[in-house]
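J.: Spelled out from the first residue to the last, the chains are:
Protein chains: 2
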Amino acid sequence: MAEEMPGEPRTLRLQHGNRIEALCVLGGHIRADVFGAAPAGAVAFGVKHTEGVSVDVLFHGHAEPEAVSGTSTRWPLDEGTVLRFSMSQASSEVNDNKVTVSFYAEGGKPINQAGVFLTGVGISLDVDADRDGVVEKNSPNKASWAWGPEGHGAILLVSCDKEFPFIPPSDCDSEQVFNREDLLDMAQMVLRTEGPQRLPRGYEIVLSVSVNDADKVGVFHVQNPFFGQRYVQVLGRRKLFHTVPYPGGAAELHFFVEGLRFPDETFSGLVSIHVSLLEPLAEGIPHSPIFIDTVVFRVAPWIMTPNTLAPVNLFVCSMKDNYLFTKEIQSLVAKAGCKLKICFGYINRGDRWMQNEIEFGYTHAPHKSFPVVLDSPRERGMEQLPVKELLGPDFGYVHKEPLFEAVASLDSFGNVEVSPPVCVAGKEYPLGRILIGSSFPTSAGRRMTRLVRDFLYAQCVQAPVELYSDWLAVGNVNEFVTFVPTSDKKRFRMLLASPAACYRLFREKQKEGQGEAIMFKGYSGTDTKRVTINKVLSNDTLAQQNQYVQRCIDWNRDILKKELGLLEEDIIDLPALFKLDKQGKAVPYFPNTVTMMVLARVLGIPKPFGPVAGGECCLERQIRTLLEPLGLCCRFLEDVASYHGSLGEVRCSTSVQRRPFAFKWWHFTP
Amino acid sequence: MAEEMPGEPRTLRLQHGNRIEALCVLGGHIRADVFGAAPAGAVAFGVKHTEGVSVDVLFHGHAEPEAVSGTSTRWPLDEGTVLRFSMSQASSEVNDNKVTVSFYAEGGKPINQAGVFLTGVGISLDVDADRDGVVEKNSPNKASWAWGPEGHGAILLVSCDKEFPFIPPSDCDSEQVFNREDLLDMAQMVLRTEGPQRLPRGYEIVLSVSVNDADKVGVFHVQNPFFGQRYVQVLGRRKLFHTVPYPGGAAELHFFVEGLRFPDETFSGLVSIHVSLLEPLAEGIPHSPIFIDTVVFRVAPWIMTPNTLAPVNLFVCSMKDNYLFTKEIQSLVAKAGCKLKICFGYINRGDRWMQNEIEFGYTHAPHKSFPVVLDSPRERGMEQLPVKELLGPDFGYVHKEPLFEAVASLDSFGNVEVSPPVCVAGKEYPLGRILIGSSFPTSAGRRMTRLVRDFLYAQCVQAPVELYSDWLAVGNVNEFVTFVPTSDKKRFRMLLASPAACYRLFREKQKEGQGEAIMFKGYSGTDTKRVTINKVLSNDTLAQQNQYVQRCIDWNRDILKKELGLLEEDIIDLPALFKLDKQGKAVPYFPNTVTMMVLARVLGIPKPFGPVAGGECCLERQIRTLLEPLGLCCRFLEDVASYHGSLGEVRCSTSVQRRPFAFKWWHFTP
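Chains as they are written, first to last, in my numbering: chain A, 1 to 670; chain B, 1 to 670.
Derived from the structure by calculation, the hints contain no laboratory data.
Virtual Cβ for every residue (Gly too), placed ideally from N, Cα, C.
FRET-style restraints, in silico, Cβ to Cβ:
id : chain 1 : residue 1 : chain 2 : residue 2 : range
1  : B       : Gly337    : A       : Ala146    : 46 to 56 Å
2  : B       : Glu569    : A       : Ala250    : 33 to 43 Å
3  : A       : Arg19     : B       : Ala425    : 31 to 41 Å
Non-contacting residues of chain A with respect to chain B, defined by C-beta distances greater than 12 Å in every case (computed):
id : residue
4  : Ala44
5  : Thr73
6  : Phe370
7  : Pro430
8  : Arg624
Working from the sequences, and respecting the hints, build out all of it.
T.: So, in structure tokens, the structure goes:
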């Protein structure tokens with residue numbers, strides 16, 4: 001947006017007996033005070049001007065302007081009378097246009113003149129404000145940003161991938177561009193100039209960024225157009241302004257712009273870049289700006305991918321004790337049509353909790369999209385995986401490490417999930433909503449570190465919902481809720497762990513005469529006592545504890561129904577039992593089936609080791625009955641030794657990179 | 001706002017063959033799954049209930065509810081059939097209401113029952129959401145905040161004054177309340193409860209504040225109502241929750257709430273306080289919340305007072321060399337009807353720049369308003385003044401000290417001004433707009449520290465305008481702009497320093513034959529050469545430098561016209577001349593009249609020592625001609641020795657505490 005608004009033009013000081021020179025930026029206006037420029041005794045004035053200039057006379061500032069067309073018109077000289085010049089075509093030579101004001105005394109005698117030579121120059125800083133991948137010419141929307149399908153505003157990507165295999169860690173830490181691939185991640189910005197071959201002496205065109213924005217945006221330009229394609233940073237962390245040599249005639253200079261950082265609590269995502277035209281006055285006197293044009297970009301957010309999106313790659317750690325497990329996973333992956341990526345010991349360094357270490361997402365602009373892995377502040381061995389194995393060409397990496405806060409179990413990314421697209425009381429969330437586990441307001445319980453929580457909120461497009469997960473020992477939301485895709489109108493179901501459903505099932509089985517059916521058959525965990533349905537149902541402590549757990553889940557259930565706009569029929573209760581540890585926190589009593597892995601229609605479910613009656617586990621049977629009619633394929637995986645015994649499940653051991661949404665986030669309105 | 005929204009009620013698990021007990025919060029709903037509670041073989045059910053309960057039957061969640069009125073109706077048992085209970089009157093005894101569900105087999109044979117005993121309890125956390133100074137009962141608006149005359153939402157004051165003369169520094173650093181005056185600064189919050197004399201065993205009522213809000217709000221409550229009026233902090237920096245003993249019957253508990261911090265970059269000003277009702281299950285099992293009620297407060301902003309508001313106190317430092325100056329000020333203050341407050345040497349410690357050290361403002365809530373002094377991060381000797389001399393009962397103090405940034409000349413409060421109320425393109429700013437001096441985007445020039453700038457922006461009600469003041473050596477906006485009150489429709493004029501006006505005046509005088517009139521007569525500054533109008537007009541360097549200065553001022557003039565919605569006739573150009581120092585920064589050539597002191601209609605103007613012709617200074621004459629017709633009284637003060645010689649003027653030596661606006665800031669819409 002040009003700072004020179006119609007009606008708020010730049011002020012020029014005419015002087016009688018003098019001719020001054022001025023640049024006139026096309027589309028802008030120059031105002032000159034006629035009264036102040038008049039010699040003593042003048043009572044009227046006339047105006048002559050060349051064809052390239054339009055001149056209006058304004059009386060008292062706010063009256064209707066009168067166009068100057070003929071040369072014989074004379075106006076009375078009044079305080080507050082000003083001239084307004086504008087030019088619509090660039091000059092081919094310096095000072096090729098002229099305005100002359102003649103002053104007249106009482107009786108019409110000419111006294112003196114004041115004149116101005118004008119050079120018309122076009123300057124426009126341009127971006128892709130209509131988001132079609134093409135930089136338009138001087139869009140009226142280039143200096144502002146609006147959400148929604150009718151919105152506008154250019155978009156930047158954070159160059160958090162790494163086109164070049166060696167140091168530095170990622171592209172946005174680099175002040176040089178090493179190959180053309182890197183430029184393709186960047187948004188284009190074009191500086192268009194039009195005018196004579198040279199500007200009058202001393203004028204300068206300067207690109208600039210404010211101190212506040214300088215650590216959020218980098219601008220690159222070709223270093224020497226005659227020698228190859230080396231691009232250097234001209235604006236960025238240490239470069240607040242950059243003088244652009246005036247190219248002469250009609251020219252387009254191409255710049256490439258990258259984001260240096262995702263939105264966060266202190267950064268809304270918007271950055272501005274300015275171009276200024278500076279005018280000299282004399283040796284030793286600072287230049288002053290006579291025109292500023294501004295463009296605005298929004299840095300694209302980091303977006304999470306729900307279970308309902310197609311899986312691309314599944315990551316799992318290879319451990320000493322999980323060979324059979326990974327073999328089973330291998331067959332699931334094949335069935336689901338995605339790829340298995342194994343993280344070996346030298347990278348995982350003994351950490352098996354893939355889901356907790358990283359969360360896959362992506363970033364997206366009209367010109368480009370690529371996956372971005374968010375690295376948890378939790379560091380339990382696997383922290384080299386994302387940087388060493390994932391970060392690469394068109395694969396980005398972002399890390400949030402709190403400076404002051406301690407990292408806790410609720411910072412594991414099992415405690416961050418995202419719902420499928422939902423509609424809540426008429427408001428669409430086409431990218432779903434993020435679910436974060438937290439604690440009740442009534443206690444100083446555990447919480448996710450503020451840094452990560454603020455980061456998730458700041459992305460804006462998947463408005464987070466805070467749930468209550470502190471009642472669990474591990475404290476992750478994926479211990480009680482997940483989502484599976486369906487092919488019906490709703491397109492998904494929400495699955496919740498449910499002690500009530502388990503008691504209901506067990507009581508039915510008891511009634512059917514299967515009270516002595518034995519649980520945990522073939523279970524390799526530590527709990528090897530003979531457990532039957534009758535034993536479970538007669539355990540009052542367990543019943544009370546599960547009543548409490550059900551309350552905690554119901555509290556979340558009510559929040560989820562409200563915040564995701566769900567009805568009862570959108571929810572499936574999976575039988576689950578918990579017990580409380582010495583701290584009063586819940587741990588699963590048998591492998592927790594809701595903490596499953598969802599690969600399209602194929603579900604990798606922790607094998608629950610439920611009561612076996614008629615040769616079949618009644619929990620598996622019940623889960624199949626609930627899920628198979630929806631077109632889902634249930635595969636039960638033995639995870640006791642490798643994961644469940646350490647308070648995790650199938651889901652925690654894996655992390656899935658999924659295809660991005662087709663929906664464009666900028667069409668959403670937060 | 002109660003978390004229990006209509007249609008999103010709390011879920012209760014009925015069990016056939018069992019009677020459970022539950023608290024029902026008035027105005028809330030409880031949902032119970034009938035199908036899940038049914039015994040095997042049941043195909044229908046009937047419901048009986050006592051008078052105090054309303055019961056609806058909901059089929060499949062989203063159908064119309066059917067009210068349960070008679071006792072003979074039977075409904076078919078369907079999956080998804082739920083009951084919804086609510087109570088509108090508090091119980092006088094525990095379990096005095098009851099709902100019984102009877103299940104029937106095919107053919108109508110009764111099989112079993114499920115029952116729930118209900119105790120109705122009213123809980124409401126209440127505030128003055130309609131801003132009339134009275135805490136209303138359960139306002140539907142108490143959990144949200146909206147700006148404007150039709151808005152709503154409670155308001156807190158930052159207790160930044162000091163009712164108690166000894167340590168700690170200010171009231172909001174204290175966790176105890178030492179006298180009742182302190183309570184009068186606070187917003188009232190009332191917890192209303194209604195129910196039986198005692199709650200069933202184990203239930204708890206807990207007030208809480210989130211970790212994020214805990215450093216922004218303090219809540220006080222009487223410690224022991226039977227022994228005097230000692231109030232203690234129950235929520236605050238180190239107290240996230242507080243158990244409230246249930247008073248029994250119908251009761252009101254009064255709490256007092258204070259803000260601990262003004263809004264800033266990381267704090268929008270909004271804080272929430274919750275009350276939760278916690279339900280016990282069994283020994284050793286954590287309580288779970290069954291009801292949460294929330295209230296929202298906005299912390300009142302710090303508001304600046306423009307020159308157009310009536311002066312109350314004028315502060316000036318007593319120095320060794322300014323006795324005559326302060327005597328002159330004394331007579332101005334008397335004329336303007338305000339008081340003079342002299343800051344003596346033991347407090348000012350050699351710092352004479354009162355205006356730069358402190359800025360007076362105020363804060364305002366429906367229940368109270370008091371002045372608040374903002375202390376500059378600049379520390380040049382006088383830093384004890386605000387704490388030792390100003391802070392006191394109903395006189396607040398706020399200080400912004402950057403941790404990492406260096407403090408520069410642009411952080412002086414001469415670089416922060418505020419306009420009178422303006423209307424800009426239809427948008428009203430009834431509290432004016434703050435003006436901050438900054439540098440052009442084209443240079444890495446000086447800027448105000450981000451902390452102070454962000455603080456000013458975060459107050460929201462006087463949307464700042466950034467001007468360009470870095471062209472000046474001292475770099476303060478009050479070196480080129482000020483505002484004076486008038487009694488006409490506009491109610492004020494903006495005054496701008498103007499080299500162009502000075503040259504125009506000098507040329508006129510030259511033409512009138514006064515070219516040899518001598519400037520600086522009686523001037524005690526260092527510049528003692530004989531200077532005449534002719535000499536000034538023939539100095540080409542000075543002319544060029546002032547042309548540059550005029551450009552810089554014109555740039556600001558254009559911004560001010562646009563951002564304050566001003567017309568040419570709202571602006572008065574005061575003659576001024578500048579020269580550039582070795583760094584190319586401007587300093588006044590003669591005392592800069594725009595940097596004046598405005599006390600109602602009395603102006604204390606730096607004596608310019610202009611060319612004397614006919615026994616009169618033509619600059620003083622010109623200024624009188626411009627200002628006296630507006631009803632203003634011009635008094636020219638000699639400030640050369642005491643201030644101008646050190647690059648400051650009358651304005652910089654004084655700071656004025658003014659009467660607050662009558663306008664209520666919460667009626668503004670940012």
